[in-house]
Amino acid sequence: MSSTSPFKLLDAYNKGDDASYFGRKREVAQLYNAVFAGRLTLLYGASGTGKTSLVQCGLENKFYPTDWLPLFVRRNQDINQALRQAIATALPEATRPQNLATLALEEQLHLLYLQHFRTIYLIFDQFEELFIEGEEAEQLQFYQDIRDLLQSEQHAKVLIIMREEWLGHLNTFERIVPTLFDNRLRIERMREHLLWRTVIPGLIRSANIELHEPRETVPLIIQQIKDPREGVDLADLQVYLDRLYRKAAEAQAPAAAPAQKLSFDRALVEQVGEIKNVLSVFLDEQMLELEKKLKEKFDLDDPSNIPLDILYTLVTNEQTKRSLDFAAILEQLPQNRGITPEVVAYCLEQMEDMRLLNLND
Amino acid sequence: MMRYELKHDKLAAQIFVRASAAAKARRRAAEVYVLYTEKNRLLTVEELEDLAPFLPVLSPPPALQQLMERSRDSIREKEAAEKVRLERELKEKQGLLEQAEQQRKRATLFGGVGFVLAAVAIMAGLWAYQGQLKAKASQEETEKTLEALTLEKIQRQEIDLREWQRKKAVFAKGERLDLVEMADDSIRKIELSKQKNQAKLKNPN
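Going line by line, the protein sequences match chains D and S.
If you're matching positions, the first sequence starts at 0 in numbering that gives the first Met the number 0 and goes up one per residue.
If you're matching positions, the second sequence starts at 0 in numbering that gives the first Met the number 0 and goes up one per residue.
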């Protein structure tokens, strides 16, 4: 099962993954310079280029902890509330004034600064969520808050991370904050020579797996998953490496010798074969497996599509992810298929285990 | 509160592609219902049409079913009211059309009569004018004739005068005073008549 995989699969890299984060040295340096130089930075790129990992792992490890105080903000239900909630959480409980919620954003940030004496970095990841699900009033309040913050003397900087296809929606934001695009950085797809020289060998070795015949094995891996138009997608690469890992574990590490080090070689890659849409195949396999488990555990006559229906509740009409609590997921499911709260809870747990879902506070 | 989220947007795209029509319809229905509850309005024909193909697989909740039913009733009522309004409007327009047609017919009739009358008047005018011209020509002819006759009369009177002058001389030579007197009398009468004729010639009226 993929839960034991040493690969990140669909997870973003974070601070602790520095040892297995490869191929983005130049971009990390560029981003560090950008956020250091300006008070507002815009980081954008296509889906799957590793924007979040660049910040959560690359930038985070570039800074000394004494240099910055990062606050990662996701919109959830309202970006303005989420921002204030992040500030409140970062304030030690004993220092949190009772009227915190009524204070202006600048005052809240000032309080936070006084507790840490570090420059506060407000990092808005998946910023496109503000346009996908946000109301106009929410957007305007946010833009005005950021404008006021940038005009103030507060020790706070702003980093906005978003998918590039949503850049057009920044028009109003730019009118209110004209410097929005002044300090921007585009992250591009990983170049192929970096993949075969650095990234793939690095990922395999950092997973404590031996890599045989790297000059043949690595190009073959690339060849198996490369899209003729888009090149190699990092998420696809992660899923393919996990597939190689599971195949190797199945063949090379029987229960009798669990401590044996696994290895990847050309033969293994050939055995797994070419999978042009690795993620798609991965998803189909996981869904089938879960349907089978549902049938056994809950004695359901027809569990087909139940796991997919559950996952679909976490997808927007714009084909992006969104976060929901358990009650909201349950509410969106059909009532005529016997999908009980127990079935949903079980599926969500399994999906977490399959590393399809995150559970966030 | 704990919230679930997919690990990657690329996964979201894959799930979206695989989602069943029923799941998508269910979401559409929920969005429409939220729209109703937020905006406090009934569903439109388009929204009902959007939902219609999916109803067999939707099993819509009672609240949505009631909303759809109320929306359909409202649409039916509006359509019926619209039909009545249109029929009334049609009738009014037909009435106006008929009225306009009658007016047109009347106008055509009056126009025909008027045309005939006008033609007759024109003809009469022409005829009168022609009559006038004829009368004028006839008068001119008469006047010319009269003038010619008067001239001729004057010429004859001049001849008569010369004859009576000659006779008077003969009578004076024969010392026939009575006849001379008679010749003078004739000459005087002829002279008077000639003067009258000459005056008439100068001023015919």
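It should be emphasised that the hints constitute simulated quantities derived from the structure, not laboratory data.
From a predicted model like this one, the values you see are computed outputs, not experimental measurements.
Glycine included, every Cβ here is placed at the ideal spot set by N, Cα and C.
Hints should not be assumed to be uniformly reliable.
Said to hold, decoys possible - Heads up, incomplete: computed chain S residues facing chain D, CB under 10 Å, no partners named:
| # | residue |
| --- | --- |
| 1 | R2 |
| 2 | K9 |
| 3 | L10 |
| 4 | A12 |
| 5 | R17 |
| 6 | A18 |
| 7 | K23 |
| 8 | E30 |
| 9 | F170 |
These are the hints, each one checked on the structure:
1. R2: R2/S check passes; min Cβ-Cβ to chain D is 4 Å, inside 10 Å.
2. K9: holds, 5 Å
3. L10: holds, 6 Å
4. A12: Hint holds; A12/S Cβ to chain D Cβ min 4 Å, cut 10 Å.
5. R17: Holds, about 6 Å.
6. A18: holds, 4 Å
7. K23: Constraint on K23/S satisfied, holds at 8 Å.
8. E30: At 8 Å from the nearest chain D Cβ, E30/S passes the 10 Å test, so the hint holds.
9. F170: violated, 143 Å
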